[in-house]
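There are 2 protein chains.
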Amino acid sequence: MKNKVTVVGSGNWGSVAAKLIASNTVRLSSFDDEVRMWVFEEKLPSGEKLTDVINRTNENVKYLPGIKLGKNVVADPDVESAVKGANMLVFVSPHQFMEGICKKLVGKIGKDTEGISLVKGMEVKKEGPCMISTLISKTLGINCSVLMGANIANEIALEKFSEATVGYSKNKEAAEKWVQLFGTPYFIVSAVQDVEGVEMCGTLKNIVAIAAGFVDGMEMGNNTKAAIMRIGLKEMIKFSKMLFPSVKDSTFFESCGVADLITTCLGGRNRKVADAYAKNQGKRSFDQLEAELLNGQKLQGVLTAKEVYEVLSDRGWVEQFPLFSTVHAISIGRLPPSAIVELGDSRSANKQVGNSTL
Amino acid sequence: MKNKVTVVGSGNWGSVAAKLIASNTVRLSSFDDEVRMWVFEEKLPSGEKLTDVINRTNENVKYLPGIKLGKNVVADPDVESAVKGANMLVFVSPHQFMEGICKKLVGKIGKDTEGISLVKGMEVKKEGPCMISTLISKTLGINCSVLMGANIANEIALEKFSEATVGYSKNKEAAEKWVQLFGTPYFIVSAVQDVEGVEMCGTLKNIVAIAAGFVDGMEMGNNTKAAIMRIGLKEMIKFSKMLFPSVKDSTFFESCGVADLITTCLGGRNRKVADAYAKNQGKRSFDQLEAELLNGQKLQGVLTAKEVYEVLSDRGWVEQFPLFSTVHAISIGRLPPSAIVELGDSRSANKQVGNSTL
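If you're matching them up, the sequences are chains R and E in order. All residue numbers for the first sequence refer to the working numbering, where the first residue is 1 and numbers rise by one. All residue numbers for the second sequence refer to the working numbering, where the first residue is 1001 and numbers rise by one.
These aren't lab readings, by the way, just hints derived from the structure by calculation. Backbone N, C-alpha and C define an ideal beta-carbon position, used for all residues, glycine too. Some hints here could point you the wrong way.
[What the hints assert, rightly or not] Rough simulated footprint, nothing fancy, chain R against chain E, three-plus residues with beta-carbon under 8 Å:
hint, region
1, 1030 to 1038
2, 1099 to 1109
3, 1250 to 1260
[What the hints assert, rightly or not] Here are some chain E residues the structure puts well away from chain R; computed CB gaps all over 10 Å:
hint, residue
4, 1024
5, 1042
6, 1160
7, 1317
[Said to hold, decoys possible] Think about it this way: if two alpha-carbon atoms lie no more than 30 Å apart in a straight line, the pair counts; the simulated DSS-like pairs of lysine-lysine are:
hint, chain 1, residue 1, chain 2, residue 2
8, R, 306, R, 272
9, R, 238, E, 1170
10, E, 1125, E, 1104
11, R, 170, E, 1062
12, E, 1248, R, 241
Put together the whole structure using the sequences plus the hints.
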C-alpha cells in the first residue's frame, strides 16, 4: 500500500512543507501522489474562499503568494476529512492551536499512522517542557517525530540551499521515510535519534537571539556577539541535557542546532526587537517595541526566557545559567542591557559548563 | 621563584596580549611584574626607534595606537635578551617568521620554560599539518600550548567582552597558569586538553569563511549562509579527527571553534574578498581583489583550501569533504561561485559526516 500524506496546517511554513512534499510524492513510487492540506478556512477580500483559490490556482495566495505548491496539493477546510486515509501526518500549525486540533482527531486516524511536528515554540513549564511531539503522540496514540532547522520559509520556497534535521525516538524506518519525503537537492534533510534534543533547540535558540540583539543594539562588535552566541549554545545543550539525560551533544552540530541558532541571531524578529530595546536603553518596553516592529507577529524569546527562568529558579539552577538568567532579568527591566556582557562574575559557572557537560 | 613572562612578538595581537598579561602580572603575586616584549626594531617616520617610543609612551604607536600597554611592559629589540630569565614565553609573530625565531633561541632558554603559541595559520602539508606548537616544542625542547579564539585584537584592546581557549597537551598546571595570565573579567579564558583540535580550528575556519563570502556575494540569505557554515564546521571536525584521532568534538563548542568561526564568517578579510569574487562572478582573480581590498594584508583561506585539497587528494578523501573541495575548485576558477550551494550531489558524503563522525 502506498503511503498517503496529509499536511495539517497551511500557513507560511506549512505551505512550503506541502510544496516540498508534493514534489517528492509525484517522484517516488512508494507515495500516493495526492497531498492533502488542511486549511483553516478564510474568506479572501475578493469574497472567494481560501481553499477554493488554492485548489484553482495551486497557490496559497494569502500565506505564500507567488509560489506554486504543485497540482497534487489538495486544500481541504475540514480537518477530519483531510486526514482520512492518511498514514503520514505533518503537523505545522501555530502551537496554541495544537491541543485543539489533536483533540478533534482522536479516534479519527489509523493506529499505524506516523506523525511529524514542524511546530516551533513549545512551552517550558515548571514541571518541564510541554513538548509538542509528546502532546501529539499522547493524545493520538501515535509515534511522532519532529523536523527543525535553519528554515526561513520564504528562502526555501525560492529553492535556496538549506538544511533540516529530523529527530526521532525509536522508529528509524519512519525517520527514513520522512527524510525521503522532505529532502530535495536544495533542502538536505538528515535524521538523528534525539527527538527531545532537536525539539528543544527550536525553542531555546530564541533566548540566545534576544541576547545577540542586545549586543547588536549596544554595537559591541562581532567578537562579543560570537562569544554570546557560543555561551548561549552551551547553555542550550546543558539545559536540554539536565531535563533529558538522553539528549546528545552531537545534535547541536546539526541544522536544528548551530545553523538555526546562527540564522536566528543574524536575522529574525527576536534579535530585531532586542536590538531596538538596547538602543533605547530599556526605556521602551518589549511590548511596545513588539507592537511597533513586528506588524502583529509575536515575540517568543522573552516569553521563553521567563518560562525557562521559572524552571531554573524552581530547581535551584539559576547560577549555572548566567546567560539565560541575565536575558530574563534584562527583559523585565531588572538589569540594564549592558549586563549581557558582564557575565564575568559568573565565570566559574561558565567554566563549569565548559568542563562538566561536554 | 616568581614566573617571568616574555612576549615574543609585538604586532597588533601581540601588543594586545602584552596588555592583557601586564594587567595580570601586577595583580598576581606569583608573577614578576615586568613583562618583556620582543619588538622587531623599526624606524618611525619621526626618526625615533619603535622600541624607544614604546618604552617612553607605553604605547605601540605603530601597531596598536591609542592603547596603553601598561608601565610594566618593556620593549626589547633583541630577542635573545628579551627571553633571558623568562620561564613563560608567549609566541605571537607571523607564522613565516616562527622557524627563524625558534632557531635563534635554541640553547638560550631554560629547560623548564613553558611556551604558548598565539600564531594562527599553520601550514597544512601533504604529510600533515605543520603545527606551530610542534615546531616550537621540537626546536626548543619545551612544552608548548596554544591560545585561540574569537579574538579581533582591536575589540579586545577596547576591553569589549570576549573569550579564548587554551589548548594543552599534558601539563594541566601550566595550562592553569596561562588561564590566570590571560584572563580578565572581559576576556574569559578556558582550557581544554586538545592542543591539536584548538590549533586546527584557527586555520580551517578560513576555508569556511571563503565559502560564507561566496554565499554573501550571491545574496543567498542567512538560511543558506548558516547551512554552509554548519557544513563547514562539520568538515573542520572531521578533517581534524582524521589527522589527529585524539581531537575531541567538544573542543569545537569552545571559543576557538564555533565562536571564532562565526566571527570570521561575519566579518574578516577572507569573507570580504570571497564576497567580492562572487559578486564579480569569478571574473576578477583572488590575487587582484586581495591587492585592492586588503591594503597589503594577506588572504589565508584560499591558500589553506589549496593545501587541504592536496591532503584530501593525496589520501583519497576528496569525496568526504565536499565543502572544502568545492571552495578550492571555485577559488582556482574550475567551478563557478554558485557551486558552493550545489553540494546536493554530495548528499551522501554529507550524511556520512553527520552519522559517522559525531
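Going through the hints against the structure:
Against chain R, the region 1030 to 1038 of chain E contributes 0 residues with a C-beta closer than 8 Å to a partner C-beta. That does not satisfy the three-residue criterion, and the hint is violated. Counting residues of the region 1099 to 1109 of chain E whose C-beta sits closer than 8 Å to any C-beta of chain R gives 0, which falls short of three, so the coverage hint is violated. With a threshold of 8 Å between beta carbons, the proposed coverage of the region 1250 to 1260 of chain E by chain R holds, since 8 of its residues qualify and at least three are required. With a cut of 10 Å on Cβ distances, residue 1024 of chain E stays outside the contact zone with chain R, its closest approach being about 14 Å.
For residue 1042 of chain E, the shortest C-beta to C-beta distance to chain R comes to about 28 Å, beyond the 10 Å cut-off, and the non-interface label holds. Non-interface call for residue 1160 of chain E relative to chain R: violated, since the shortest CB-CB distance, roughly 5 Å, does not exceed 10 Å. Remark: the non-interface label on residue 1317 of chain E is consistent with the geometry, its nearest Cβ contact in chain R lying 20 Å away (cut-off 10 Å). Among the hinted pairs, residue 306 of chain R with residue 272 of chain R is consistent with the structure: their alpha-carbon atoms are about 19 Å apart, no more than 30 Å.
Taking the CA atoms of residue 238 of chain R and residue 1170 of chain E, the gap is near 27 Å; set against the 30 Å cutoff, the hint holds. Only pairs whose Cα atoms come within 30 Å are accepted, and residue 1125 of chain E paired with residue 1104 of chain E is accepted, the gap being roughly 24 Å. A threshold of 30 Å between alpha carbons decides the hint, and for residue 170 of chain R with residue 1062 of chain E the separation of about 62 Å lies outside it, so the pair is violated. This hinted pair checks out: residue 1248 of chain E and residue 241 of chain R have alpha carbons roughly 19 Å apart, not beyond 30 Å.
The structure fails hints 1, 2, 6, 11 (numbered hints given earlier, in ascending order).
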